[in-house]
Amino acid sequence: MSAPLLLELSLLLAQGMLTLAMGLAVVRMLRGPRAQDRVLALDVLYVSGMLVLLTIGMRTGSTHFFDAALIVGMLGFVTTAALGRFLLRGEVIE
Amino acid sequence: MTLAAEPGLVVAVLASLLVLLGATVTLVGALGLLRLSSFYERVHASTMGTTLGMASVLLASMLLFSALGTRPVLRELVIIVFMTVSTPIGFVLLVRAARHRDAAVGREPEVVTTGTPGGTDRDGPDAPLE
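Those protein sequences? They're chains A and B, same order as listed.
Using the working numbering, you'd call the opening residue of the first sequence number 1 and step up by one each time.
Using the working numbering, you'd call the opening residue of the second sequence number 95 and step up by one each time.
Heads up, a few of these hints could be off.
What the simulated footprint calls covered on chain A by chain B, stretch by stretch (three residues with Cβ under 8 Å from a Cβ of chain B suffice, anywhere in the stretch; the number is not a length) [stated by the list, open to error]: (1) 18-25; (2) 28-40; (3) 44-53; (4) 68-75.
Computed beta-carbon distance windows for the label pairs [as the list claims (entries may be wrong)]: (5) A/Thr60 x B/Pro166: 17 to 25 Å; (6) A/Gly90 x B/Leu111: 42 to 50 Å; (7) B/Leu168 x A/Arg38: 33 to 41 Å.
No lab work stands behind these hints, which were simulated from the structure alone.
Please read these numbers as outputs of a predicted model, since none were measured by experiment.
A virtual CB, placed ideally from N, CA and C, is assigned to each residue, including glycine.
With the hints as extra help, turn the sequences into a complete structure.
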């Protein structure tokens, strides 16, 4: 098996698994049962989405997807921190 | 495959293994997020994807782009370091909020039993706000 074909198949399989992980996180986000479960599911969702972006970048050989993944990672952390603070205090900025 | 140059077989095998490891770990973490029965166990499961899964895929990306380019690509280290630092901070905030909310509705915040995968959720839905 040639190297590009092996890489292509592995990346395709990994993309499928990561997309499945995103789907499971969405199920947990819809099911709840409490608000903190939904925030946690959102965290898993954005990390899996970031990894899907990285695998797309590796498949296409483009470096633009890396920048998108960086933005997703940083905004995702801000989201989790802000929502955690909201659940704790009832407001984000006091 | 639209890569500019062809990666060598060793690089391809290593990158494939790392990507598959990362995807598997992330999938197992998401499965735990869905099947474990209390919030504190679910936090534990979901950190698999945000630590080992993330690092494996980023290392594979680093390896592949370094092999294709003329010089080592270290940009991925930015995400690795940032995620490693930020994930615990976010989860500590979230778990502190969860303990606070558990105490507010009179629930016992400690995890007392081992997980029962596939069972119904031990936590009920949110109580309506006054």
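Verification of the hints:
Closer than 8 Å: that is the beta-carbon criterion, and the stretch 18-25 of chain A has 6 residues meeting it against chain B, so the requirement of 3 holds. Residues of the stretch 28-40 of chain A with a Cβ under 8 Å from some Cβ of chain B number 10, which satisfies the need for three, so the listed coverage holds. Here the stretch 44-53 of chain A counts 5 residues with a CB under 8 Å from a CB of chain B, which clears the bar of 3, and the coverage holds. Remark: the stretch 68-75 of chain A is confirmed as covered by chain B, as 4 of its residues place a Cβ nearer than 8 Å to a Cβ of that chain, reaching the required three.
Between A/Thr60 and B/Pro166, the C-beta spacing of about 21 Å keeps the proposed range 17 to 25 Å intact. Our hint of 42 to 50 Å for A/Gly90 and B/Leu111 holds, since their Cβ atoms are close to 47 Å apart. Checked against the given bound of 33 to 41 Å, the beta carbons of B/Leu168 and A/Arg38, roughly 36 Å apart, stay inside it.
Taken one by one, the earlier hints all hold for this structure without exception.
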